[in-house]
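Participant: These protein sequence lines map, in sequence, to chains A and B.
Position one of the first sequence corresponds to residue 122 (my numbering), numbered consecutively onward.
Position one of the second sequence corresponds to residue 122 (my numbering), numbered consecutively onward.
Accuracy of the hints is not assured; some may be wrong.
Since the list can't tell identical chains apart, any single copy or any two copies may satisfy a pair.
Here are the computed lysine-lysine pairs in the DSSO-like style, where the Cα-Cα straight-line distance is at most 30 Å [unchecked claim]:
# : residue 1 : residue 2
1 : Lys-147   : Lys-261
2 : Lys-201   : Lys-157
3 : Lys-253   : Lys-147
4 : Lys-253   : Lys-148
5 : Lys-165   : Lys-194
6 : Lys-132   : Lys-204
7 : Lys-297   : Lys-272
No lab work stands behind these hints: they were computed from the structure.
2 protein chains.
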Amino acid sequence: MNRKELFENIKRKKSFLCVGLDADVKKIPQYLLKEKDPIFTFNKQIIDATADLCVAYKPNLAFYESLGIDGWKAFEKTVKYIKENYSDQFIIADAKRGDIGNTSELYARSFFEHLDIDSVTVAPYMGEDSVKPFLLYPNKWVIVLGLTSNKGSHDFQFTTDSNGERLFEKVLRVSKEWASEDQIMFVVGATQGKLFEDVRRIVPNHFLLVPGVGAQGGSLREVVEYGINSQCGLLVNSSRQIIYAGQDENFAALSREQALKVQEEMKSLLEMKNLI
Amino acid sequence: MNRKELFENIKRKKSFLCVGLDADVKKIPQYLLKEKDPIFTFNKQIIDATADLCVAYKPNLAFYESLGIDGWKAFEKTVKYIKENYSDQFIIADAKRGDIGNTSELYARSFFEHLDIDSVTVAPYMGEDSVKPFLLYPNKWVIVLGLTSNKGSHDFQFTTDSNGERLFEKVLRVSKEWASEDQIMFVVGATQGKLFEDVRRIVPNHFLLVPGVGAQGGSLREVVEYGINSQCGLLVNSSRQIIYAGQDENFAALSREQALKVQEEMKSLLEMKNLI
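Okay, chain A solo, but in the shape it has when bound (with noise of 0.2 Å):
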């Protein structure tokens, strides 16, 4: 899929929700223990459910990995599924890899090829060849971590070097030269709110990932405000609040009424910058 693409599904969907499937046995409703796949089965349920509002999916790998052999299953089956049935759907493989060259390139076959899956979030520290073998597919997008949400952002991405450029603005000026801006894309966390501005600045055309509203507390609206471009550049992401929004049998409706509320506050957000 490439950002026009992208663009497109934004503008009929009204709506730029990822939807996060960070799906933990310990947190969803318990009566799917019962089921052969409970991550699959919660995972299936939450996608037919808000596919129609969202126009993106991201699993996060760590929670299918911390299940062994059973979560990779359950990852690949979800997968399998979204393509299958929600083809317009762009799938995220939320990984943050990065290692050697020749490792990456592992990485790079295994969720591009094996998996065929959009795009994969990758880590910046070990600079460009960690990052290149995964440009090599020409359809498939990589998302570097420019700013993240978390409080151990402020540990190492802040750093100001000596011409007063922080690390995250280096990342994003070195990193957006690796490909086009339909190859590359960057995670810059809901929380960061005004430093959306100094992002754009550097990369004023490309989409960026966007996690932390919802439970981490950032602002969608903060966002949009200072983080939307012409071509609506933003996939922001919501995984708890959403997907643990009930513990019962009804669980994937309430997490459709979570998805709706977002879906409806997008659409008043790019109604007002005229985008739709």
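Given chain A's structure and the hints, the job is docking chain B onto it.
Facilitator: Same frame as chain A, now just chain B:
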């Protein structure tokens, strides 16, 4: 395993070699592909042939994940095999993980509880709260990327702040406070040569995991010259040079020959430094 026990193993085996189990189906002896589980069969033979010459094994997760479910099975079987047959080996899951707290928690659960692995490599970009969950396990280790062995290490790790401190130095200085020397190690690439002196100024006592000897061109002698401390403080990894020494039925014997060469050099270096 604590630092003292690790040093005891190093003295007993006269080796600080870590063998990287980066088994790629495209590179292992092709006659193994007719086996039911080629990767595990390969690993098992490499392990049996080298266990008396090394103190650690480092499976890189990418190589296993690239094979999906079969890869995870091979990874788990490999870890289990080492634990059951060579319980003195220090096992490193080379995963380079790092995510927001609740996610890192799940990775920690996966590696330390589910698999009972000794240590995991983590990326520092997201800061303290992305690493803390791994440090809640008293006898387990976190190995933080400090100064990596690849060309891309120059993209961000050498960025100098207004006080003249380079990013990798800040990462070492800040993250060494997150736990004791019995829980944190750092990755420092063998290709960085004399920079080991700068690393040792900040973390004189910590163990360093050193990739980049062998296929990547780093020098073992230089690493020891600038990086060794009174408890050795080095785990030097070699992957490709050892595990792909042969392509026929005698591959494991050839791997042993390569490992033995490295171990003999290590022995003479340990003697030279009066550590054995």
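Participant: Does each hint hold? Answer for all of them.
Facilitator: Hint by hint, here is what the structure shows:
1. When the C-alpha separation of Lys-147 and Lys-261 is checked against a cutoff of 30 Å, the pair qualifies only between copies, where the shortest distance is 23 Å, while the shortest distance within a copy is 33 Å.
2. Within a single copy, Lys-201 and Lys-157 get their C-alpha atoms as close as 18 Å, and across copies as close as 26 Å, so both meet the 30 Å cut-off.
3. Proximity of Lys-253 and Lys-147 under a CA criterion of 30 Å is satisfied inter-copy only: 21 Å between copies versus 37 Å inside one chain copy.
4. For a Cα distance limit of 30 Å, the shortest separation of Lys-253 from Lys-148 across copies, 21 Å, qualifies, whereas the shortest one inside one copy, 36 Å, does not.
5. When the C-alpha separation of Lys-165 and Lys-194 is checked against a cutoff of 30 Å, the pair qualifies both within a copy, at 14 Å, and between copies, at 25 Å.
6. In this assembly of identical chains, Lys-132 and Lys-204 lie within 30 Å of each other by CA distance solely inside one copy; the values are 21 Å within and 54 Å between copies.
7. For the homomeric pair Lys-297 and Lys-272, the shortest alpha-carbon distances inside one copy (25 Å) and between copies (18 Å) are both at most 30 Å.
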